[in-house]
Amino acid sequence: MKEEKGKTAFSRIMSNTTVIVIGKVLNAICSFIFIPWTVQTIGLNGFGQLLLITSYLILISDITHLHSWQPLVHYGTLSLKEKKYKKFNQILTFCMRADALSGLTGMI
125 MKEEKGKTAF SRIMSNTTVI VIGKVLNAIC SFIFIPWTVQ TIGLNGFGQL LLITSYLILI
185 SDITHLHSWQ PLVHYGTLSL KEKKYKKFNQ ILTFCMRADA LSGLTGMI
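Residues in the sequence shown are numbered consecutively from 125, following our numbering.
No lab work stands behind these hints, which were simulated from the structure alone. Be careful, since some hints might not be right.
[As the list claims (entries may be wrong)] Distance ranges between label pairs, derived from CB positions: (1) Y209 <-> V149: 40 to 50 Å; (2) N169 <-> S139: 19 to 29 Å; (3) T229 <-> S135: 15 to 25 Å; (4) H189 <-> W161: 24 to 34 Å.
All residues carry an ideal CB built from backbone N, CA and C; glycine is no exception.
Take the sequences, apply the hints, and build the full model.
If you want it as structure tokens, here you go:
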């Protein structure tokens, strides 16, 4: 990572945060433009159908996304710290299977 002269870690964090906040503000402003434009283009019924489909897809995505890395970090760290590699391998295998199963379920 390249160090910029004269910039502290705090100032770099603040400049990166500023970029993120400006992006979110611009996104919110643009939504006031593209939502009415979309409603005018596809009609109110079409926009309602679009919202229903989008909401359904977000719901399915949230249900099938298990965050399988969290038990690995929580329990796997302790196993590695105590040098119990067999137990860590069991936890890793379980997390990989859970992740694959949730991905396959989300595809269906």
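Hints versus structure:
no.	hint	result
1	Y209 <-> V149: 40 to 50 Å	holds, 48 Å
2	N169 <-> S139: 19 to 29 Å	violated, 45 Å
3	T229 <-> S135: 15 to 25 Å	violated, 45 Å
4	H189 <-> W161: 24 to 34 Å	holds, 31 Å
This entry does not satisfy hints 2, 3, going by the numbered hints stated previously.
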